[in-house]
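Chemist: One-letter residues, chain by chain:
2 protein chains.
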Amino acid sequence: MKNLRLKSARAAKDYSQQQLADLTGVSRQTINAIEKGDYNPTIKLCLAICKALDKTLDELFWED
Amino acid sequence: MKNLRLKSARAAKDYSQQQLADLTGVSRQTINAIEKGDYNPTIKLCLAICKALDKTLDELFWED
DNA sequence: ACAAAAAGTAAAAAATACTTGACATTTTGT
DNA sequence: ACAAAATGTCAAGTATTTTTTACTTTTTGT
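So the sequences go chain by chain: H and P.
Numbering of the first sequence is given in the working numbering, commencing with residue 271 and proceeding in unit increments.
Numbering of the second sequence is given in the working numbering, commencing with residue 271 and proceeding in unit increments.
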C-alpha cells in the first residue's frame, strides 16, 4: 500500500523525489517505489529518510 | 554495532533466537546477525520483530 | 498554450538480505 | 560433571532490494 505519510513529509520539506534521493543516497526510482508502496526498504534507508525529513521511524513506517 | 535493545527485549519475553525467528518467519541465523549488528534488515522484518516483542520501531531500531 | 520540471513506470543488471546446512562454543538445568 | 539447549559463526546458494537506462504522463510556472 502507498506510504502517504512519507509523501506528505517530503512535501512539507518541499523536496522533490530526486532531492530526497540525493539526500539519502539512493536513486529517484527507489524513493518513488517506496512512496508507491511497491516494496520494503532496508532499515538503514528508512533511517536516512527519517533524518532527511525530521521524522521518526514510527511516524513514517509503523503499520498496524 | 550490536543491537542490545533487541537482545534485551527478546530476553524480556524469554524467547530464544529460534523462537523469535519462528514468530517472525526468518531463520535463526538472521535474528542472530541482526542482534550482532552484521547487516540491515528490511523494514518488513523489523516490523515483524517489533510486533513479536511488543515494541515500536523507534524503541528497537532508532539510532542517533 | 507552451516549456521545463517532476512524477510514474518498466526491464535488465548489480548489490545485498536471507536461507540452508554444518560445526564449535557457551550457557542452563539436573 | 554431564547432557541438552542456546548461541556464535562460516560458506554457498536463493530471493529480493536497488541501480541504471529509458520512455511516458502529469504538474508547475510564465
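Don't take every hint at face value.
Heads up, the list lumps identical chains together, so a pair's fine if it works in one copy or across two of them.
[Claimed, not checked] Think about it this way: if two alpha-carbon atoms lie no more than 27 Å apart in a straight line, the pair counts; the simulated DSSO-like pairs of lysine-lysine are:
id: 1; residue 1: Lys-306; residue 2: Lys-321
id: 2; residue 1: Lys-306; residue 2: Lys-283
id: 3; residue 1: Lys-314; residue 2: Lys-325
id: 4; residue 1: Lys-283; residue 2: Lys-272
id: 5; residue 1: Lys-321; residue 2: Lys-283
id: 6; residue 1: Lys-306; residue 2: Lys-277
Since the hints were made in silico from the structure, they are not lab data.
Chemist: Hints numbered earlier in the text: which of these fail when held up against the supplied structure?
Modeler: The structure conflicts with no hint, since it agrees with every one listed earlier.
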